[in-house]
Amino acid sequence: MNPRILRPESLADACALLSQDEDALVYGGGTALQILRKQGILSASSFVDISGIPGLNNLHHTGNELLVGPMVSIRRMETDPVVRESVPIASAAYAKVANPRVRNTATVGGNIAHGDYRLDPPVALLVLGATIKATSTAGTRAIPIDKFFIDFQLTALNRGEIVTSIEIPISNDVVASTFVKFSSLSANDWPSASAAAAIVARDGEAQILRLALGALAPTPVMTAVDITGMREAQATEAAVESAMLIMDPLPDVRGGVEYKRNLGRIAVENAVRNLWRDRQSV
Amino acid sequence: MSSEVFSLESQDGNAVGQSWKRTNSESKVMGTFRYTADLPVPKCLYLGVHRANQPHARIDGIETESAMAIPGVVKVITGADLYDALGENLFTGPAFSDQPPVAWQRVRYVGEPVAVVLAEDLATARAAADEIYVEYEFITPVLDVNAALEGTDYVHDELRPSAVFPDLRHLMGKRDTNVNYEYNLIRGDSETAHQEAPVTVSGEFWTPPTSHVAIENFSASAWVEENRLELVSTTQTPSYVRQAIATMLNLRLNQVRVRTLGLGGSFGSKMYDRLEPLVAAIAWTQKLPVRLELTREEAFVLTTRHGVAVSSRMSADANGNIVAATADVRYDTGAYADIGPRIAAKSGMVACGPYRIENAKIKSRCIYTNKPSAGPFRGFGVPQVTWSHESLVDDLARDLGEDPARFRRRNLLREGDVSPVGTVMHSADFIGCLDAVTEAIGWTDPLEKIEGSWKWGRGVAVGIKAVLTPTVSNAVLQLNQDASATLLISTVDMGQGSDTIMAQIVADVLFLGPDRVRVINPDTDVTPYDTITAGSRSTYHTGNAVKKAAETMRDRLIEIAAKQMGVSASDCKLAPGGVISSSSQRLISLEDLILSQFGAAGTTMTAEANFTTEWVPYDRTTGQSTKITEHWFAGAAAAELGVDTRTGRIRIRHLAVAGDVGRAINPALVNQQLLGGAIMGMGHALFDEIVFDQGQIVNGTLLDYQLPSIKDMPEKLTPIIVENPHRTGPFGAKGVGETGLIPIAPAIANAVRDAIGIRITTLPLTPEKVLSALANQGNK
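If you read the sequences in order, they're chains W and G. Under the numbering used here, the first sequence has 109 at position 109, and the numbering climbs by one with no breaks. Under the numbering used here, the second sequence has 584 at position 302, and the numbering climbs by one with no breaks.
Keep in mind that the hints were calculated from the coordinates and are not lab data. If you're wondering where the values come from, they're calculated on a predicted model, not measured in any experiment. The reader is advised that the hints may include incorrect statements.
To be verified - Derived coverage of chain G by chain W (criterion: at least 3 residues anywhere in the stretch with Cβ under 8 angstroms from a Cβ of chain W; other residues may be distant):
1. 662-669
2. 983-991
Stated by the list, open to error - Here are some, though not all, of the chain G residues that point toward chain W, as calculated from beta-carbon distances under 10 angstroms:
3. A405
4. T929
5. D970
6. E971
7. V973
8. L1053
Virtual Cβ for every residue (Gly too), placed ideally from N, Cα, C.
So here's chain W without its partners, still in its complex pose (with noise of 0.2 angstroms):
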């Protein structure tokens, strides 16, 4: 049967809503919702549709943080400039995912909550070291985005639980960062593998690449290198070494674990070579 929408018009009244009952699904572009739906893999006894609950939208600049509401739009954050200036890396993961009539629709909220190992945002998200704010009728806590994805299609938000917003550090200390993503089947495909990559200086001469994988692993997965003094060959080395060890591919139609290894090491030494030229032309 189909889910009644509902559409509080304040959080207070969503969370309600949500605490009454266990079945009711937080609802905001729809679009992965409304698939996973029709193929009959989760069923809802309502949507609660938060498009209606003012500030939702609101992407606020603070200085050293990007605070994004759930509602903003993918396209938004692909297309914002102020979203492409502070934090590149996050404006180039979230305009890779699907397609413009998708990114239109979908939002930042339901895309993190969505959980699922292959999306884009969330390796970017985890380079930045991002903070996701989650509501419900218990108060507002923070969780820290190494701690949201906890197993396969599985994040740490509660049932009742809103994504509330997405705090992304603005940090002076990173030198390079980039985005890399490929698929297996047609070019506009879920990635069969993807990684986000960035320089941070630490203490002066220090520097720390931290690496994110998406779709190589049960969830999107982090490390961090120190390639404090490294030229490329060895920081590549160092990175594959270290991603490797994190990657533990899922094999599907798009690829075997070998296939998906593979693209994921090669994912990797691209993101390097991509630092290293945008570092050296800084």
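Given chain W, work out where chain G should sit, using these hints.
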């Protein structure tokens, strides 16, 4: 070329050869075009289909109580209910009467209908279908063609060929086999020729099943009106459906009415028995109006393209002449034969390609397995055998150290040659197509073969297909007093543009302008019989019927005008503006002419014509025929592409595709057909594939089943029209619906072979497959 033969035609009304704008293009762009599912029908009960989750099982019981308990559910119908009402007539099919609309006693593929819910609305019907529980007794499934040939498990206890075909009669009741049809071609002595030849190449080829994925999904409605059955459905074969349903329900043809509007794509999926037997059987036996709309996921199990295995061999002499070809072709037709037996024959007869080959031996078999039934798909089985012969020919050329295009050029069939199937060639310019595509991509220009991790290469392939023969087309043309015309044909415009082309043919003969000819949507109560809209046959066959009807109309107009002007008919001719008398230079407009004739405004004149083709049935032992087909389709494709040796990804820089269309009635539409076929073929080459696990489709959704997107397009895509007029084509024209697809996959694979030196014999050429081939090469 025979320009004199066609000089008479060129005096006509100037519509043929023009790129008239596609009929209904505005409404399609604006979203106001009415598709079949939009046609108003009486208030219907919606059908929800409960489908088998077993590939092969006996049905021990069907529990329907919980479905019936849902408010809004009216009835649940099982195969047993329908069998009780219709008996053996329940089993239908275009070649074999083997498929029940709802499984009876036994299920033969995952997704087969087992029970059907009738409910007040669609959501309730589908939800209730999920509540049905079926008890199965497991039967060992037959999951691939090799198991089907070697094992002792059978999909059907005995063969049930349709009684109407004499050539299938000997198969009736045959037991202990999964092979429902076998075609053999024997010419010369291929075994000896292979042995004596200095160069022989061979391969084991595989093309996987694929899905048509027409953007418009399937729907059908049926109801009873005054002891007649009314049917509205998405079908490209309304005349066939009327006959099939009349037979099933034991009705006269005029008790069954089938209607369809323009289709939003089909590619062979909406042919023969799809939803129609199901809705018709339920509507007629229950005397209830019913409607069935498939989900996208259901469409994946409704029909597929045949997966085909080919074991083949080809030999050449020291001079580079092909001397022998052998092929063992196995079509995986799934649980029901559908048109598979005809596909196995029509494709088997061209399995050694469009070459001068004196010694050929082909065995082509149609084989049951416990999978969704495979049916026609753009190319009718031919792309799958082209995959084999165009790979082999390429290897043969390379083994001889010769340029693959030049090697083909020497061996290709020419006008007047006798093809390996025994028929003389006419109007099939393979060499013209080959030259056109190789020239387009700069075949002989220098190529930088290595750029970093990328390796570049070029490949070419040709394709041959015979048009379906014999067939029947009819046209009824009504000329209105205001000099507008209404054309009644049963050709279905499913995006190929037939409504536009047929209007152009009428307009050309009768000197009418664009928008003056309206083509009526197929309605078996109104539009005359037409075998099928398929196999690229409409332009030639229906086009000929339409042209004949228009010419009959022209002759009658001249006759009437001559009488009115008091001159002889031979003194008059039809010209722009009306009929003109040469001696008096007097012109009568069509409006005045018809007005004078009948003395009333708004009157009509009607002309009709039939066009029927004939063949010489092939010899059952040798497959030979002096006229296997009315005409041939000839095409070629060439590709320049790169292979990323790190990721295995293929990037096509230029894909050129050419087809000999006889004469392009509408060049823009011909180009679009060539391109559409090429893009679809590119999907088949690179990633299009239905993946099965134990008889279950694992990627049967549009999330997981990948089609080419705009981002997958080659950097350059060049369609080329080759015109080699056919002596009996309307204005010399032939069809082009499949030509562009047939040679694409081997052209791409041959370019990959050129780039990385590896012959890959199984489609699709996914990055994973390319990488694993590269790894194997490295290990050698």
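* Proximity test - 8 angstroms, beta-carbon atoms, the region 662-669 of chain G to chain W, at least three hits -> Violated, because only 0 residues of the region 662-669 of chain G bring their Cβ atoms closer than 8 angstroms to Cβ atoms of chain W.
* **Status of the G:D970 interface restraint (C-beta, 10 angstroms, chain W)** => Holds. Min distance 9 angstroms.
* Status of the hint placing G:A405 at chain W (closest C-beta pair under 10 angstroms) -> holds (6 angstroms)
* When the nearest CB of chain W is found for G:E971, is that gap smaller than 10 angstroms? -> OK, holds: G:E971 within 10 angstroms of chain W, min 8 angstroms.
* Asked: Residue count check for the region 983-991 of chain G against chain W: does it reach three with CB-CB under 8 angstroms?
  -> This one holds; 7 residues, not fewer than the three required, reach chain W with a Cβ under 8 angstroms.
* Taking 10 angstroms as the limit, does the beta-carbon of G:L1053 come near enough to a beta-carbon in chain W? -> holds (6 angstroms)
* Asked: Does G:V973 pass the interface check with chain W, least Cβ-Cβ distance below 10 angstroms?
  -> holds (5 angstroms)
* **Hint check, G:T929 versus chain W [nearest Cβ-Cβ separation less than 10 angstroms]** => holds (6 angstroms)
Checked against the numbered hints given earlier, the structure breaks only hint 1 and satisfies all the rest.
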